[in-house]
Every structure is written in structure tokens, then in C-alpha cells.
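A.B. asks: What follows is each chain in one-letter form.
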Amino acid sequence: MPNFYGESPAIQVMPIKAGEKIDTSLLQSIEETLNKSNIQNIGFILESSNIKVKFKTAEEQLKARSLIQNSLGSEHIVALNLISNSPNWLSSFGALPMYLGLDLRGGVHFLMQVDLSKALEKTTASYLSEFRSQLRKEKIGYYDATKKNDVMQIKFKSKDELKKGKNIIRGINNNFDFQEISVNDEIILKIIISAQTKKSITEFAIKQNLETLNNRVNELGVAEPLIQQQGLDRIVIQLPGVQDTAKAKEILGRTAILEMRMVNEDNVDPIAFEEGNEDQIPINSEIFEDRFGNPILVKKQVILTGERITNAGPGVDSQTGQSIVSISLDGKGASIFKQVTRENIGKRMALLLIEKNLTEVVTAPVIRSEIGGGRVQITGMRNAQEATDIALLLRAGSLAAPMEIIEERTVGPSMGKENISRGVQSTIWGFVAIIIMMAIYYMVFGIVSVIGLSVNLLFLIGLLSALQATLTLPGLAAIALTLGMAIDANVLINERIRDELRNDNTPQACIARGYQMAWGTIVDSNITTLIAGLALFMFGSGPIKGFAVVHVLGILTSVYSAIFVSRVIVNYIYGNNKREKIKLSIGEIFKVDNN
Amino acid sequence: MEIFRVKKDIPFMKYSKISAVISITTFILAIFFIFSKGLNLGVDFTGGTMMEVSYPKAANIENIRKTLKQIDLEDTQVQNFGTEEDVLIRLPIREDLSIAKLSEKVSAALKSSDNSMEVKRVESVGSQVGDELYENGALAVLFVCIGIMLYLTLRFEWRFAIAAIMANMHDVIIILGFFAFFQWEFNLTVLAAVLAVLGYSVNESVVVFDRVRENFRLPKYRNSIVSVVINNAITRTMSRTIMTHLSTQTVVVSMLIFGGEILNNFALALTIGILFGIYSSIMVGCPMAMWLGTNQSNLAITAPEKQKENTKI
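First to last, the sequence lines map onto chains E and U.
So the first sequence is numbered by this note's numbering: it starts at 1 and just counts up by one.
So the second sequence is numbered by this note's numbering: it starts at 1001 and just counts up by one.
The hints are simulated quantities; they were obtained by calculation from the structure and are not laboratory data.
Think of the CB as a built atom: it goes at the ideal place given N, C-alpha and C, for glycine as much as any other residue.
Incorrect hints may appear among the rest.
[Claimed, not checked] No farther apart than 27 Å at their CA atoms in a straight line, the calculated lysine-lysine pairs in the DSS-like style are these:
1. U/Lys1101 with E/Lys207
2. U/Lys1057 with E/Lys417
3. U/Lys1069 with E/Lys63
4. U/Lys1069 with U/Lys1017
5. E/Lys148 with E/Lys159
6. E/Lys247 with U/Lys1101
7. E/Lys137 with E/Lys157
8. E/Lys139 with E/Lys118
9. U/Lys1111 with E/Lys417
10. U/Lys1057 with U/Lys1069
11. E/Lys139 with E/Lys166
12. E/Lys247 with U/Lys1037
13. E/Lys247 with U/Lys1105
14. U/Lys1111 with E/Lys63
15. U/Lys1069 with E/Lys118
16. U/Lys1069 with E/Lys247
[Unchecked claim] Sample of chain U residues at the chain E side, in silico, Cβ under 8 Å:
17. Ile1162
18. Asn1264
19. Leu1268
[To be verified] One side of the interface only, derived from the structure: several residues of chain E facing chain U at Cβ under 8 Å:
20. Pro282
21. Met415
22. Gln425
23. Ala480
24. Met485
25. Glu495
26. Asp524
27. Phe539
Using the sequences plus the hints, can you model the full thing?
C.D. replies: Structure, rendered in C-alpha cells:
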């Protein structure tokens, strides 16, 4: 039902901070803005969390969006949306229009691959630094703590020390498997993260990435985005109606990870750096370049990561006038930061931004004094725009593991409309042709079949709406194809009835036997089609899945409508007539005498 | 109206040897083209980027090629797509550029050379996804074949199952052969069509086999030879066959006319599938079942109704 009413372009205004209330004053200000520039709207919807404004055309919608965004400022998100035009009484009992796929409404689809091994590595690194500081605190004699991928290894001075160290590590977290090795008088403890813990680490990483993506998409201002995990290490993102795909990609695809580490200032040999002589680099350090291309030797140990950031905003340094980003750290982050700055006054701390395996030292200032309270300013921004971008990235949360776009499908809005009309036209004209053919060939029975087929179409559309299955262009093709194939059941029945009539049975008996004999064949042939449909659904992805859903549902509805619906109509027409010799209008029947 | 005014059963099985030669020849030809020319796989399977852009006026293909060359994109395919205004650009996967960056680079370059350009559609698939889609496609075909064979073995018997699947595979191979010969693009949507044909064309075999089985159980055919029974079954389902396929084909033609470029190859695959489906279920499936030794006795064993009839007599 709701499909007849269609949808209107609309904009949706939401406050940036979730939970903030929407009131009538906001509605008034939106109304005023629109009135000032003479944009006609066709209705407001005021809800507790957002305001929706409907428009007649998409152009008005776009104009209104930029106007409202300008007048409201950055406190609100103004997103494009489509709103069903169904009257309230329909929506009130849950009747929704069909959910259109991206190829029909326009938008972007991304499939992202999450690099979970990086998440494991990161967690391992933070465990290792925790062990180090704990061992140091307890004054346990160890002299080398390293990690390789996700296996940690600590060398102890004696077996006794190892035992104590092991207990301490157990006290921190009891999810490790240990392995004691002694080679060449070295007493080594291997610490292996258990499979169970690995699983929970990766699960957590995916969860955090999903959350981060959610935040980022919110910043983009998209109504009804879809962000979903797919398989073990993939995330699907669908942004309907997004037109500026470049911006979307930039915000989503920026896999920025922020890390704070100390600069290694002992044994600095600048010449070795210039020549890229790897032997000169101490084991505990790595070389990265800063924004001016100068190499900086940075320790591998990570002090803090972006996870500890609770808020970030762009700003201007009051003394130098440079663009800065000021960040706030959470409790644990603040205390770590305080301790590190206290212990390292006069030394340099590096701030690294890791994007797609490219690590860059954004800034490496000298620590002047102990910094408490968790308020940190990052200098070294090129300009105000960069400060804004980085702040946005940091505020929207960092990713627990880097991601990469491995599939992208973009459909422009005009293309979406074109696709709808293509699919609908194919269906309509195919349907019309079938009606004509059936009516000519099978007369009244043909018309009954066509009525059954129309009912089938209604059922199918109704079912798709009720299930809110995503309708795509292949899905529309499947609707058309289902109509063409569904008629098979009616043809089988009608041919059977003709067969029976050839054998000079009474009309009533012919109808009954025709339906009865055709039943088995219809079931057999539909089940085999169903098997193909299910395979498509199981193994298919994207466009194939859309096709499969409609195909499978279409088979089910067609069996019902062909058999039951047409039978009811046939009974209504011929059923009350008890005479032996009524004439069934099923077209001319050719009889073979020598049968 | 009755199209088929046949007085006697058409002796289809008499031609089965000729049709076998035809089938085997087309089959071998199809396989030859699949291997010699190969399928023109779309980006869904190979990985890569496909962009559809449109201009308000007829697009200047040469200019687009030049622009792409300027940004160091060699190995690209630029061609008109449907109309003069629409252009399809295909780019292979680049090691040094992520797929997200590639399409952006292209659209930025094209926009700067002609601002009226509009990007209508972008499809980028990374190599790993491409491989997976390819694998899943093959798995789906396998699953359908096994599923259908199992079902037909249960409902009919194994001879019919094998015959139906052979008829089916014949259709699928010929569709692929056509796609290889004409180098039409084979993408996910076409694969969906191929699988739909698998399910659909087996319908045809089921309807004929159903009749064959029914005939075997009729007292009239108790002592007839198998080919007579099959001929009668085919002749009597002929009208239904033509009507059903005609109506499905009508819809597919409507898709060919109105469906636009995206549905074009989908509809083509279905057309070939439907046409060869009729042929193969009659001239491949039935002779196959006959040669495999289907007769009254195998169906009598699997048919309890028949046994009842026997005991009555």
C-alpha cells in the first residue's frame, strides 16, 4: 500500500550531540530561513530527536540544505533524506514502503577490510609496555623485553627473577600462555596471548572501528546510513543519497591512528640517518620523517594512543598565532601523560599520525614542564583547515585497527531514477504483453490466470515492503522475470484442463482433475527453481543477493496465487453451475480422434 | 485458439541421433570458444574499476583518453555506453593506488577538463573481493547442480536426474560459449541470470519427465517401447512449453528494450538460456534418459501408486 504514495525529498536536522532536545524555536528559525529565500516546503515533522522538512523537488531540497546548514551553524547536522508520503494511518500500523537499494536511490557503498593483525600488534605493544613498567616498579631484574608480531619475550637475569616476573604478569592479566626457554645461559620467558584473548581483542577492535565509523558518518550528515560487520574482518557501509563521494571517502578512509612516543635522543648519529644506514638504529627505536622531511629517531614504546582521547578541537595558539589542536585525555590517559611528562622534562615527545602504513611525525615538541589535567595542545599544524580535519578525526575516535576500502560502488542520483524507470517499464510492458497473450490463448481461463498473476505481483510487493527487503535493479528484474515464470503454473493448469476436456469429461471434473494433476508438476518445477534461488541467496553478494531475495519470494507467492487464487475465481465463475454441459471458455480445443 | 494441431505424436526420438550430433557439436564449439577466447569477465570478478560518466553533449572519447594518459593511467578502456553522451571507463587494479583513490583521481581529472561531466556510477572491486566473488559463483553453480540432482533422484530416479543435469549444463555451457564468442561482459548480474536459467530450464525437463512417468503408469502404454511413450509426453506438453517460454521470453524482451545497459547482458543470457532450454530438455534430456535405460520397470519400483494398480489387476 504505502508504495503508491511514493517518497518526497526531505532534509533532516539533528543536533550534533545526541540527546539534546529539539524545540519549536529551532523549527521557527528553519521556517524563517526558508521563507526568506522563498523555498516552498510541503510539510514539517517535529520529532523528539530531529526535525524533518519535506520538499517537492530535489533541487529545493539541496538549496534548503545549504541555507539551513549556514544559518544553524555547526551545532546541528543537516542531512538529506527521503520521507514516505503515506498518510499517518498507514504508517501507524507499521506499513512501510519498499526499501530501495543504493542502485535505485543513489549513494555510495563501501566494503572495508579491517587489518586485525595490526590490532593484535597494538595490544601486544601496550601489554609489553605495561609489563615493563610493572617489572621495573617491583625491581625485578630483566634486561630485554621485545615482541615479534603478537608474541612477547622477556629475558631475565635468573630463574628466580623469572618466576617472580611471571607472577606479576599473571597478576596483570591471566590470559597468557607461558613458555620458559633457556638457551646459552639466557633465561627467556615467552608470553603468548591465548587464542581466546586474541578473539576478544579482534572482536573488540571491530566493535571499536564500527563505533568510530558511526561517529564519522554522523559528522558527514547522512540520514539512514548502514554500517554493519560482514564476516570476521569486514565492514559494509552504505550511505544513501551521498553525492560528495570524495569527501565521504576521505573522512571514512582516513585510517588515522594517533600515537605519542618519546624521541630517542641518546646516541644520535645524524649522518647514519641521512644515509639510511639501518645498522645504526637502536633496536628499541624506529626512524620516521617529520613534516619537513627530517628524520627523527623515535622509541618503539608507545606512551599513549588515540583511544585515550575524549575530545579534540581546533584552535589558535595565543602566543605564536599558529593553528593548534587541543585534546582532552581520559582519566587513565591523563595520569599516564602526567607521569611521563614529569619523568622526561627537557626531552622531546613525538606525536605520530599513522595513515595506511605511512607514519608521520606531526610534531615533536620539548616537554617544558609536567602536564596534568589531561589537556594537551598539539602544535605543528600547517594551517587552520588541517587543524580542523585532524581534530575531527581525533574527536570522531581513532580506529583500533587500520582499514582499507576494498570495494566501492557509487550510483549517482540521476542514475538511480533512471534505473527505477527502467526496471518498472520492463515489468509493466512485459506484464501487458502476457495479459494479451493469455487472454487470447486461454480466453476466460487466461483472464483468470492474469488476475492470479496480478495478485501475485501485489503479494510480492507487499511481502517485500513488509520484510523491508532491499529492492535493487536486479531485484526489479527478478520481479519481471517472476511474472514471466509464474505464469507457467497457470499454463500447466490450463493445458491440463484442456487435456481433460479432450477426453470428454464433464467440465467440473475437468477443472478438478486439471488442478489436481498439475499440482505435482508445479511443485516439482518450483522446488528446483527454489534450489537455484537459495543457492543465489547463499553464495551471492550485492546485486545477486537482491535478485535472489525477490526470486525466492516470487516463487513462493506465485505457487500460492496460481493455485489457490485462480482456483477460487474459477470456482466462483463455474462452481455454482451444476449442469453437465456448461461450456468452459478456455479457448478452442483441438481434438485428435484417433487417440 | 490452439496452436498445435498435431494429429499424431511427433517422433522426436527418431531425430535423437541427429540432435545428439548437433548438441555435441555446439557443446564442443562453446567449450572451444570459452577456452580460446575466454570470458570477458567484468570488474566484479577480475577486480578493477569501472566508471560510467555522462556529458550533456556527445562525449569526446579521444579527449577522455588523452586526459587519462596525462595522469599516467595507461591500459584503460574508454568506450561509449548505450548513448553518445554516456561513456564507460575501465581501469585495471593498480598496485600503487588504492581503489578509492583511483576513481577519485579520474573523476577529478575529467572534471577539470570538462566541468559538465557527471559521474553516474562507479564500481571498484579489490582483487581479493574479485577472487571471492569468482569462487562463490562457482560454488553456487555446484550447489545448484547437486541440489537439483538430489531432488530429482528422490522425486523421479537417478537416470532422470542425470539427464536433466546434462541438459542443464548443456544450456549453461552454451550461454558461456555465446558470451565468450561475442566477448559480451560477464559480470555478477549475468551470473545471476545463468543460475536462474539453471533453475528455470530444469523446470522444462521436470514437466516432460512428469508426463513420461505418468504415461509409463498408464495401462495404455504398458507394452509400448520407451521412445513412443516419450514422444507422446513431449507432444502433449508442447503447447505448455511454447506458452510458458513465450511468456517468459516476452518479459525478457521487454527487459532488453526498456532495461537499459545494465540489464542488457542479463536479458541476453536469459534469452539464450530460454531458447536452448526448450531444445535441450526435449532433445538432450529425453534421449539421455532413454539411453541411460529409463523404462517402465525402473519407474514402477519407485512409484508406489503404480504398484497398487498392479495388485488390483
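A.B. asks: A separate judgement is required for each hint: does it hold in the structure or not?
C.D. replies: Now for the hints, and whether the structure bears them out:
no. : hint                     : result
1   : U/Lys1101 with E/Lys207  : 26 Å, holds
2   : U/Lys1057 with E/Lys417  : 20 Å, holds
3   : U/Lys1069 with E/Lys63   : 37 Å, violated
4   : U/Lys1069 with U/Lys1017 : 57 Å, violated
5   : E/Lys148 with E/Lys159   : 23 Å, holds
6   : E/Lys247 with U/Lys1101  : 12 Å, holds
7   : E/Lys137 with E/Lys157   : 16 Å, holds
8   : E/Lys139 with E/Lys118   : 31 Å, violated
9   : U/Lys1111 with E/Lys417  : 23 Å, holds
10  : U/Lys1057 with U/Lys1069 : 22 Å, holds
11  : E/Lys139 with E/Lys166   : 13 Å, holds
12  : E/Lys247 with U/Lys1037  : 41 Å, violated
13  : E/Lys247 with U/Lys1105  : 13 Å, holds
14  : U/Lys1111 with E/Lys63   : 22 Å, holds
15  : U/Lys1069 with E/Lys118  : 37 Å, violated
16  : U/Lys1069 with E/Lys247  : 25 Å, holds
17  : Ile1162                  : 14 Å, violated
18  : Asn1264                  : 10 Å, violated
19  : Leu1268                  : 12 Å, violated
20  : Pro282                   : 32 Å, violated
21  : Met415                   : 4 Å, holds
22  : Gln425                   : 4 Å, holds
23  : Ala480                   : 5 Å, holds
24  : Met485                   : 6 Å, holds
25  : Glu495                   : 4 Å, holds
26  : Asp524                   : 5 Å, holds
27  : Phe539                   : 4 Å, holds
Violation of the numbered hints given earlier is confined to hints 3, 4, 8, 12, 15, 17, 18, 19, 20; the remaining hints are satisfied by the structure.
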